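Chemist: Chain by chain, the residues:
Number of protein chains: 2
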Amino acid sequence: MIHHSPLDNVRVILSHTSHPGNIGGSARAMKTMGLSSLYLVNPQSFPDNEAYVRATNARDILDTAVICSTLDIALQDCVLAVAMTARARELTHPVLDTRQAAQKLVAIATKSPVALVFGRESSGLTTAEVTKCQLTVHIPTNPVYASLNLAAAVQIMCYELRMATMDSECKPPRHEMQQLASLNEIELFYQHLEQALIAKKFLDPQQPKRLMQRIRRLFSRTTLEKEEINILRGIIHAFEKEEP
Amino acid sequence: MIHHSPLDNVRVILSHTSHPGNIGGSARAMKTMGLSSLYLVNPQSFPDNEAYVRATNARDILDTAVICSTLDIALQDCVLAVAMTARARELTHPVLDTRQAAQKLVAIATKSPVALVFGRESSGLTTAEVTKCQLTVHIPTNPVYASLNLAAAVQIMCYELRMATMDSECKPPRHEMQQLASLNEIELFYQHLEQALIAKKFLDPQQPKRLMQRIRRLFSRTTLEKEEINILRGIIHAFEKEEP
Numbered sequence: 008m009i010h011h012s013p014l015d016n017v018r019v020i021l022s023h024t025s026h027p028g029n030i031g032g033s034a035r036a037m038k039t040m041g042l043s044s045l046y047l048v049n050p051q052s053f054p055d056n057e058a059y060v061r062a063t064n065a066r067d068i069l070d071t072a073v074i075c076s077t078l079d080i081a082l083q084d085c086v087l088a089v090a091m092t093a094r095a096r097e098l099t100h101p102v103l104d105t106r107q108a109a110q111k112l113v114a115i116a117t118k119s120p121v122a123l124v125f126g127r128e129s130s131g132l133t134t135a136e137v138t139k140c141q142l143t144v145h146i147p148t149n150p151v152y153a154s155l156n157l158a159a160a161v162q163i164m165c166y167e168l169r170m171a172t173m174d175s176e177c178k179p180p181r182h183e184m185q186q187l188a189s190l191n192e193i194e195l196f197y198q199h200l201e202q203a204l205i206a207k208k209f210l211d212p213q214q215p216k217r218l219m220q221r222i223r224r225l226f227s228r229t230t231l232e233k234e235e236i237n238i239l240r241g242i243i244h245a246f247e248k249e250e251p
Numbered sequence: 008m009i010h011h012s013p014l015d016n017v018r019v020i021l022s023h024t025s026h027p028g029n030i031g032g033s034a035r036a037m038k039t040m041g042l043s044s045l046y047l048v049n050p051q052s053f054p055d056n057e058a059y060v061r062a063t064n065a066r067d068i069l070d071t072a073v074i075c076s077t078l079d080i081a082l083q084d085c086v087l088a089v090a091m092t093a094r095a096r097e098l099t100h101p102v103l104d105t106r107q108a109a110q111k112l113v114a115i116a117t118k119s120p121v122a123l124v125f126g127r128e129s130s131g132l133t134t135a136e137v138t139k140c141q142l143t144v145h146i147p148t149n150p151v152y153a154s155l156n157l158a159a160a161v162q163i164m165c166y167e168l169r170m171a172t173m174d175s176e177c178k179p180p181r182h183e184m185q186q187l188a189s190l191n192e193i194e195l196f197y198q199h200l201e202q203a204l205i206a207k208k209f210l211d212p213q214q215p216k217r218l219m220q221r222i223r224r225l226f227s228r229t230t231l232e233k234e235e236i237n238i239l240r241g242i243i244h245a246f247e248k249e250e251p
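Protein chains in written order, with the working numbering: chain F, 8 to 251; chain P, 8 to 251.
This is chain F alone, in the form it adopts within the complex:
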């Protein structure tokens, strides 16, 4: 049985793209994040060699891209369409942030096709196009320089979609896969170190100040592994020995 990802149900629609390089860059961005369904509404130049150059090994996505004459055709069968806009609009749709939108899209895409709609490089989506969508999403940008490249905007949304699919499969970081030291082993390390420091007169047991507390605080932040305790105790042992 083939495992289907909700990302298979997310369609990226690029409307009236001027630069074929951006179509290729968008295809690459999609494929790196596991999306594959690309729809092009009236692209200015496609197929085009520049698109294939920018796509590198995501050429298969360009080969299977669907070219449509209107946004209505591109949206066929979708149950939710999200308009990607750079500007605030006078009469806005409900606006979700990128993260909320990605979660909503992935949740719906487990069952039905959904679409992300991107407009022209120069002017974005027209008001008529936004009206065809149910939600508006604005990628947060620097207020003094909001000029996000089209493929970069596609990259960010596809990344958020992939992150949204991973939320449930959160795996422990690699570090926690190692064999961790027991509290008792850690305690024996501190005792060993303390005795060695007293022997070397670095620590005065009559006036310990807070030396051992500070050392404990440092190592408490690390979640020590068994192997690391062995190394640390080996080092103390080596330092304890007098030169022959």
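Please note: incorrect hints may appear among the correct ones.
What the hints assert, rightly or not - When the alpha-carbon atoms are kept at most 35 Å apart in a straight line, the in silico DSBU-like pairs for lysine-lysine are as follows:
1. P:Lys-208 - F:Lys-207
2. P:Lys-216 - F:Lys-248
3. P:Lys-233 - P:Lys-248
Everything labelled a hint here was simulated from the structure, so no lab data went into it. Please read these numbers as outputs of a predicted model, since none were measured by experiment.
Given chain F, work out where chain P should sit, using these hints.
Modeler: What follows is chain P alone, placed relative to chain F:
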């Protein structure tokens, strides 16, 4: 009074970039998200017209980019360096996901400079370069096509950083309010320890195995404070002294 954003303290370091277009694309990606500090370690071709074309109106970031001959120079003054890697490594640093890393970077950047380090387009960062960093971050990608464009990877991390600054509850954890050790101070501590271990014959410079790598990995997880480096070096110094 000028309002300073933590993003002003985040340095993007591109090491040995082959294609100047990617430098320009990265500059644009940074500026859209409000970052401005770009460092280039041995770029293959820079300044270069292609970089300026791809940067569009982010040319000011290219004009003020700092060109360095080594990663060490580029990292100067930073208290935290994050290695961006596409591959899992045998002996890894702690791995954070993009979102956790962005939160940590922004929290620390409220006080001190931090760096994001990106490697070559073809092969990423070298092991030696990763070793200079304290944390590793892997952008989640499609397992069958992980070929993220360099500028796209910069875009995703800068976006996550901007999102992290917008998280109003994002306050630095208590630990991060302490004065953190600089990377140079940490490096001197490792060198001091290594020399002491060689003198005590615990470490054979002919057969070092991976002892220092393991020790670096342990301490990299902690974000060491200046005060702690002083304690650790004091301990090594005490151990070095022979009994009177």
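Chemist: Taking the hints in turn, state whether each one holds.
Modeler: Okay, the hints, checked on the actual structure:
1. P:Lys-208 - F:Lys-207: holds, 19 Å
2. P:Lys-216 - F:Lys-248: holds, 22 Å
3. P:Lys-233 - P:Lys-248: holds, 23 Å
The earlier numbered hints are all upheld by this structure, with none contradicted.
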